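Trainee: These are the residues of each chain, in order.
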Amino acid sequence: AQTVTQSQPEMSVQEAETVTLSCTYDTSESDYYLFWYKQPPSRQMILVIRQEAYKQQNATENRFSVNFQKAAKSFSLKISDSQLGDAAMYFCAYRSAPVNNDMRFGAGTRLTVKP
Amino acid sequence: EAGVTQFPSHSVIEKGQTVTLRCDPISGHDNLYWYRRVMGKEIKFLLHFVKESKQDESGMPNNRFLAERTGGTYSTLKVQPAELEDSGVYFCASSQRGGKGSYEQYFGPGTRLTVT
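Heads up: the protein sequence lines correspond to chains A and B, in order.
Counting from 1, position 113 in the first sequence corresponds to residue 113 in the working numbering; the numbering is continuous, with no gaps.
Counting from 1, position 63 in the second sequence corresponds to residue 1063 in the working numbering; the numbering is continuous, with no gaps.
Everything labelled a hint here was simulated from the structure, so no lab data went into it.
Being a predicted model, the structure only gives us computed values, none of them experimental.
Hints are supplied without guarantee of correctness; some may be wrong.
[To be verified] With a straight-line Cα cutoff of 35 Å, these simulated DSBU-like cross-link-like pairs (lysine-lysine) come out: (1) B/Lys1051 x A/Lys73; (2) A/Lys55 x B/Lys1051; (3) A/Lys114 x B/Lys1041; (4) B/Lys1044 x A/Lys55; (5) A/Lys70 x B/Lys1054; (6) B/Lys1054 x B/Lys1078; (7) B/Lys1041 x A/Lys73; (8) B/Lys1041 x A/Lys78; (9) B/Lys1054 x A/Lys73.
[Said to hold, decoys possible] Stretch-level coverage of chain B by chain A, calculated; a stretch enters the list once three of its residues show a Cβ under 8 Å from a Cβ in chain A: (10) 1038-1045; (11) 1048-1061.
Backbone N, C-alpha and C fix where the C-beta goes; we use that ideal spot for every residue, glycine too.
Isolated chain B (complex conformation) (with noise of 0.2 Å):
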């Protein structure tokens, strides 16, 4: 079985610029997670989707960030205009929706954003 992927493993962009992330979860996870982690500080949840629809995007730092995930399958994460402080590794997350096991996310190898 797949795991979740993220693509791409690393980008380098400009302030100012547009940078889309995309994140391809496991084959069947309604749950779909983003997570960012700023350099040496704690993972901090973004939003939440379940299935095509955005059950809690709480987390996302302001209108710069869109996510989408059409037909519930992957899901894409646009920053638009970057800033410096966008800089840091964005984790995706898939699990199932309820039964056993549901509880596990799991996570993608991240992508390392850097905005220069």
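Extracted from the complex, chain A is given alone in its bound form (with noise of 0.2 Å):
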């Protein structure tokens, strides 16, 4: 069975410089997704970014970019010119290839941002 790993359970970085948070996951499969997603307080969770795994190169979205290394089984994410705003729970999921698959999660790192 798959299996994601997030270690830390807590993070906390000054505002407008740069956090990454660690996940690492378990699967002997060859083909599939990772996501990162982003529940601020009381809302819901949004997609932040993914990565498919047959892609070398590492996904970013504005601030946010991955370090993915499929040997590894590590998809850290990166958070550059942290804001305010970025406070959050964040959660690294995995996803098997069939597109319709349930994802399974990570414990989930919190985020603070200090001003």
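Dock the two chains into a complex; use the hints.
Mentor: Structure, rendered in structure tokens:
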């Protein structure tokens, strides 16, 4: 079974600085998708960034980028120029290749942004 | 476009009582998923509907949980009778079936269930 591990229950970053959230996963599959979701306080979860396993290039979305290391089964999220609005719970998630499959999530990392 | 909505946002019930959670997916989304997060732990998959059919219910913890999706629109998740360990946040998500962009699941805000 696929498992996702987020080893950092809490992280904090100074506004305008950079922070990296860690995620590792375990799978025997070769084709899959990885995601980072953000859940701000009292708000719903939204997709931050996704990575297809067959792509070697790391995904980027504005200030958000990932470091995808397929052989190491690592998928970290880097947030550059952190903003107060980035404060949230971040979940790393895995999904097998068939597009309708369910997601497997990590336990989450709570990010605090200090002004 | 309206997002995924869930009702209620919070529910506090006593052990042994019944609670029904509702999820309205994004219009036109055939896939509907239920997940649960117990405090401090990972979000776990419960089940998956494709339209009105249960595609995968391998994550349902036991037969006290009953999910339905009549007509392939909104879904309900009933817990009867509720136990203390059922407390947590129940998320619903929906996605399109096939085609471009179908791999993104859109999540609702969740229902926080507290069983006392």
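Trainee: Does each hint hold? Answer for all of them.
Mentor: How the hints compare with the structure:
1. In summary, the hint linking B/Lys1051 to A/Lys73 is supported, as the alpha carbons are separated by about 34 Å, within the 35 Å threshold.
2. A C-alpha spacing of about 31 Å is found between A/Lys55 and B/Lys1051, which places the hinted pair at or below 35 Å, so the restraint holds.
3. The hinted pair formed by A/Lys114 and B/Lys1041 meets the criterion: a straight-line CA distance of about 25 Å does not exceed 35 Å.
4. For the suggested pair B/Lys1044 and A/Lys55, the alpha carbons sit about 27 Å apart, so the restraint of at most 35 Å is met.
5. Annotation: proposed proximity of A/Lys70 to B/Lys1054 holds, straight-line Cα distance about 33 Å (limit 35 Å).
6. Note on B/Lys1054 and B/Lys1078: the hinted pairing holds, with a Cα-Cα distance of about 15 Å set against a maximum of 35 Å.
7. Restraint check for B/Lys1041 and A/Lys73: satisfied, since their Cα atoms lie roughly 21 Å apart, inside the 35 Å limit.
8. Proximity of B/Lys1041 to A/Lys78 is assessed by CA-CA distance (about 22 Å); at most 35 Å being required, the pair is judged to hold.
9. In summary, the hint linking B/Lys1054 to A/Lys73 is supported, as the alpha carbons are separated by about 31 Å, within the 35 Å threshold.
10. Under a criterion of three residues with beta carbons nearer than 8 Å to beta carbons of chain A, the stated coverage of the stretch 1038-1045 of chain B is upheld, 6 such residues being counted.
11. Judged by the Cβ-Cβ criterion of 8 Å, the stretch 1048-1061 of chain B is covered by chain A as claimed, because 5 of its residues qualify and three suffice.
When the structure is compared with the earlier hints, no violation turns up for any of them.
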